[in-house]
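Chains as they are written, first to last, in this note's numbering: chain Y, 5 to 333; chain C, 5 to 333; chain E, 5 to 333.
Calculated directly from the structure, the hints in this document are not laboratory data. Take these hints with a grain of salt, some might be off.
The following residues of chain Y were derived to be distant from chain C, with all beta-carbon distances above 10 Å [claimed, not checked]:
1. R13
2. P23
3. T42
4. P48
5. G52
6. E71
7. L72
8. R224
9. L225
10. W232
11. E264
12. D274
13. G317
Not everything, but these chain Y residues come out facing chain E in the computed CB check (under 8 Å) [claimed, not checked]:
14. D80
15. L82
16. M107
17. D118
In silico DSS-like pairs for lysine-lysine, Cα to Cα no more than 30 Å straight-line [unchecked claim]:
18. C/K277 <-> Y/K75
19. E/K46 <-> C/K75
20. C/K75 <-> Y/K46
21. C/K46 <-> E/K46
Where is the CB? At the ideal position from N, CA and C, for every residue including glycine.
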Amino acid sequence: MATTFWTRRHVLSLADFTPGEYDTILQTAASFQEVLSTRTKKVPALQGLVVANLFFEPSTRTRSSFELAAKRLSADTLNFAPGTSSMTKGETILDTAKTYLAMGADMMVIRHRDAGVPQAIAFEMDRLGVRVGVLNAGDGQHEHPSQALLDLFTITSLLNFEYPRLGLLADKKIAIVGDILHSRVARSNIWSLTASGAQVHLAGPPTLLPQLFAEMGAGRLGELVLHWDIEPALKNADFVMTLRLQRERMTANLLPSLREYHQRYGITRDRLKLCKPDIKVLHPGPVNRGVEISSDLMDDPQFSLISQQVTSGVAVRMALLYLMGGGKN
Amino acid sequence: MATTFWTRRHVLSLADFTPGEYDTILQTAASFQEVLSTRTKKVPALQGLVVANLFFEPSTRTRSSFELAAKRLSADTLNFAPGTSSMTKGETILDTAKTYLAMGADMMVIRHRDAGVPQAIAFEMDRLGVRVGVLNAGDGQHEHPSQALLDLFTITSLLNFEYPRLGLLADKKIAIVGDILHSRVARSNIWSLTASGAQVHLAGPPTLLPQLFAEMGAGRLGELVLHWDIEPALKNADFVMTLRLQRERMTANLLPSLREYHQRYGITRDRLKLCKPDIKVLHPGPVNRGVEISSDLMDDPQFSLISQQVTSGVAVRMALLYLMGGGKN
Amino acid sequence: MATTFWTRRHVLSLADFTPGEYDTILQTAASFQEVLSTRTKKVPALQGLVVANLFFEPSTRTRSSFELAAKRLSADTLNFAPGTSSMTKGETILDTAKTYLAMGADMMVIRHRDAGVPQAIAFEMDRLGVRVGVLNAGDGQHEHPSQALLDLFTITSLLNFEYPRLGLLADKKIAIVGDILHSRVARSNIWSLTASGAQVHLAGPPTLLPQLFAEMGAGRLGELVLHWDIEPALKNADFVMTLRLQRERMTANLLPSLREYHQRYGITRDRLKLCKPDIKVLHPGPVNRGVEISSDLMDDPQFSLISQQVTSGVAVRMALLYLMGGGKN
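Produce the complete structure using the sequences and hints provided.
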């Protein structure tokens with residue numbers, strides 16, 4: 005496996021990822037995808053190591069994906085569940101992380117509703133001089149790197165199954181549609197996609213797509229364009245990523261009704277006619293059927309990559325844990 | 005192991021189970037029971053496979069039993085916990101199941117408070133053309149096949165430890181007592197026991213045992229008889245299965261007080277004198293002591309098979325997962 | 005490994021532990037500490053055995069520690085979570101334990117908010133004549149033996165890393181400070197430390213340190229002294245154990261404000277000047293920073309043993325499970 009370009013201990017943000025790092029992950033994930041297609045889906049790469057899943061914000065889906073990735077690398081896993089934890093006893097987050105460190109955790113996968121928590125934990129681990137890798141599994145509205153990497157793996161391995169790599173997206177147009185403002189998935193995807201040289205078009209209602217986002221395109225290889233209507237974003241697009249809509253946003257008057265949202269920004273068969281003929285749709289899940297995307301389209305394998313994203317998730321998370329774990333097979 | 009009679013992908017209901025299928029399960033469970041009596045209780049049969057326990061309705065007891073069965077077959081397990089899941093985020097049940105499919109689940113064990121959910125998931129898996137087995141671990145008031153199969157294994161292996169089989173019950177009288185109407189356990193047991201040729205006698209208050217149940221006996225090998233008093237059901241019985249009483253039923257005016265229920269339908273030493281001398285009592289658990297059964301009787305190993313039922317549960321669930329997984333050792 | 009002095013099936017209380025038993029645990033834990041420092045941290049000692057963690061009172065920290073200990077001994081683990089359990093369905097605690105017994109649990113780790121529950125379960129297992137070990141992981145305000153044993157291992161292996169043993173504390177002064185009355189950790193530590201011949205000094209406010217505690221010193225090798233001021237307890241101490249303060253105590257008027265508590269009984273750099281120069285501080289965690297101990301002191305590796313305690317926890321729990329499991333490597 006090509007691990008030449010990997011020296012990172014933590015994966016916290018994609019803002020400063022290099023093309024070599026992206027390609028290392030994509031190729032490592034491709035190898036693991038192959039392992040997963042055999043009956044015995046395990047490799048002994050991380051035997052004896054402990055991966056602690058510290059999900060301060062609950063998420064069965066993402067935790068299951070990381071847990072399965074860890075198990076298939078033969079690591080042991082420890083799950084921290086906030087509901088039944090000392091958090092309610094007044095312990096600080098750093099103290100919780102240090103407790104798992106002291107128990108013997110070799111890697112920590114952190115999700116928290118506040119931006120910056122995984123960074124703070126990684127900083128503390130470095131300060132303590134311990135060799136523990138921290139992986140950001142979603143922090144507030146900041147980033148969700150493993151989701152953007154699995155999206156990247158899904159689309160690049162569709163373009164070249166054997167040899168997925170960042171450069172494959174250089175001439176592609178990719179639309180990201182929805183509640184950009186509150187989406188950590190969107191932020192991480194903007195970093196990876198603009199690093200690839202793709203043209204990245206954002207579309208969403210003005211309240212959910214402030215002009216400020218244009219700044220994320222500064223100095224990036226690819227172009228970043230903002231639209232308050234969906235049509236120009238979709239026109240001739242190769243891929244469209246639609247984002248989960250948090251229903252809470254409506255009560256905050258940031259959104260009209262769900263029906264009106266669907267009419268203006270929902271992905272439908274009609275709208276896809278604006279795109280290239282082989283357009284593919286991604287969604288990080290869970291989907292509000294009939295809101296972000298029409299229900300029949302979501303289930304149509306000609307257009308939807310949603311299942312592939314979940315499958316890619318296990319391979320990409322195996323790749324991340326493997327590389328962070330010092331990855332030798 | 006005899007797997008001649010097994011071609012099923014899913015185990016959803018016992019309504020159409022064949023004698024060959026029952027006997028295959030019973031004999032496979034008997035083999036695993038032997039494995040469990042050795043110190044190293046594991047077999048590598050399902051190594052690399054993933055069993056997803058999707059318990060939309062929580063149940064520590066049944067989930068633990070399935071989890072242990074899966075681990076002893078060397079499968080990996082993923083547990084879905086509704087409280088911390090995307091269910092609260094508006095995802096449909098089928099989408100949750102498809103997410104676990106995409107992650108790589110090879111088998112799904114489903115419990116849901118609504119009848120038909122495991123069937124709907126199995127149907128969807130078949131429609132998608134994937135080779136994933138679905139096991140109904142209790143759906144509403146419909147069925148709970150693994151419970152009835154472990155009951156069947158418990159009593160047939162009592163009759164013949166080496167060679168448990170359906171035919172052993174051909175001349176037996178078995179009483180099922182309690183809240184038949186709301187019991188998925190009762191329904192599954194009625195299918196298996198009437199398939200064996202046993203005489204099955206149901207007893208319960210009229211509000212909890214509608215005349216309609218007599219129809220389940222139509223065309224079955226064994227006889228099905230209904231009673232609103234417990235005495236004729238117990239008379240000369242070989243086995244009595246008492247059902248868990250949901251306390252909620254009382255508030256719905258379907259029941260008199262718990263004390264009155266116990267007086268009329270509770271299993272006591274006195275009542276057991278109506279039965280054959282070697283009468284044995286089963287209960288699916290958890291037991292309301294002093295309601296369905298008197299407390300001392302529950303703990304009396306001369307009469308109670310309740311512990312054996314739990315032990316049988318692991319062996320029978322190993323057999324089910326093994327057979328559904330394509331079972332070669 | 006030295007297992008000469010081990011014949012116990014259950015670990016429920018340290019009140020009657022013998023020096024030979026303490027030393028067996030300490031030396032077994034020292035061996036496992038070595039295993040944990042290798043990359044492949046597993047031993048096959050308990051392969052095929054099932055450890056059931058029955059935490060009726062939730063505790064992520066302690067449960068994770070036991071779970072990891074069990075996994076590193078290659079045991080399978082089953083976790084019982086009260087929130088989603090039959091407890092809410094009216095099942096008794098003994099019935100829950102017997103269900104896990106019938107499923108095949110070989111050892112049970114029990115935590116409950118009421119004193120005596122692990123004892124009751126152990127008694128029931130013995131009555132049933134089954135060879136199942138029960139470990140008290142904290143019962144009400146009674147005992148928490150594995151915590152006191154990990155404290156003992158932490159300080160004795162600091163004194164002699166290769167050969168930790170009870171006798172090393174014979175001439176030491178150890179202060180235990182805080183809410184002694186409500187602390188199961190304090191009770192277990194009083195048993196182990198007075199068995200070692202150390203001078204044990206308790207300090208706390210009169211409401212939280214009744215004179216009654218002096219009786220625990222009767223007939224013990226070491227001396228037990230009570231103080232309502234902290235200073236005499238700290239004077240020339242070798243080790244100070246500070247206890248977690250339950251915030252609920254304040255509302256019960258047993259305590260002044262947290263600030264006042266910290267002023268009178270909090271461990272600070274200034275106060276440590278009363279102790280021996282190489283004084284070390286222990287805390288069972290989770291810590292209320294700035295209450296039981298000043299925040300900077302907690303993080304100072306020159307004084308704080310808090311991380312080592314957590315690390316010791318895994319090794320000591322491995323030792324306990326190993327010895328209870330009949331321990332042959």
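Here's how the hints hold up against the structure:
1. No beta-carbon of chain C is positioned within 10 Å of the beta-carbon of Y/R13; the least distance is around 27 Å.
2. With a minimum CB-CB distance of about 28 Å to chain C, Y/P23 clears the 10 Å threshold, and the non-interface call stands.
3. The beta carbon of Y/T42 is not kept farther than 10 Å from every beta carbon of chain C, the shortest such distance being approximately 8 Å.
4. Once the 10 Å rule is applied to beta carbons, Y/P48 is consistent with being away from chain C; the minimum gap is 13 Å.
5. No beta-carbon of chain C comes within 10 Å of the beta-carbon of Y/G52; the shortest separation is about 17 Å.
6. Against the 10 Å criterion, Y/E71 falls within the reach of chain C, whose nearest CB is about 7 Å from its own CB.
7. The Cβ of Y/L72 does not lie farther than 10 Å from every Cβ of chain C; its closest approach is about 6 Å, which violates its non-interface assignment.
8. Distance check for Y/R224 against chain C: the nearest CB is about 31 Å away, which clears 10 Å, and the non-interface claim stands.
9. At roughly 31 Å, the least C-beta separation between Y/L225 and chain C is larger than 10 Å, which holds for a residue marked as non-interface.
10. Every C-beta of chain C lies more than 10 Å from that of Y/W232, the closest at about 26 Å, which supports listing it as non-interface.
11. At roughly 18 Å from the closest C-beta of chain C, the C-beta of Y/E264 stays outside 10 Å, upholding its exclusion from the interface.
12. With a least beta-carbon separation of about 23 Å from chain C, Y/D274 lies farther than 10 Å from that chain, consistent with its non-interface assignment.
13. Distance to chain C contradicts Y/G317 as a non-interface residue, since its nearest Cβ pair spans about 7 Å, not more than 10 Å.
14. At its closest, the beta carbon of Y/D80 sits 5 Å from a beta carbon of chain E; the interface hint therefore holds under the 8 Å criterion.
15. Taken as an interface hint, Y/L82 checks out: its beta carbon lies about 5 Å from the nearest beta carbon of chain E, inside 8 Å.
16. A cut of 8 Å between beta carbons decides the hint on Y/M107: the least distance to chain E is about 6 Å, and the hint holds.
17. Contact between Y/D118 and chain E, as hinted, is not supported at the beta carbon level, the nearest pair being about 19 Å apart and thus beyond 8 Å.
18. Straight-line distance between C-alpha atoms of C/K277 and Y/K75 comes to about 54 Å, which puts the hinted pair past the 30 Å bound.
19. Simply put, E/K46 and C/K75 have alpha-carbon atoms about 18 Å apart, close enough for the 30 Å limit, and the pair holds.
20. Between C/K75 and Y/K46 the alpha-carbon distance is near 15 Å, which keeps this suggested pair within the 30 Å criterion.
21. With a CA separation close to 17 Å, the supplied pair C/K46 and E/K46 stays within the 30 Å bound.
In summary, the numbered hints that this structure violates are 3, 6, 7, 13, 17, 18.
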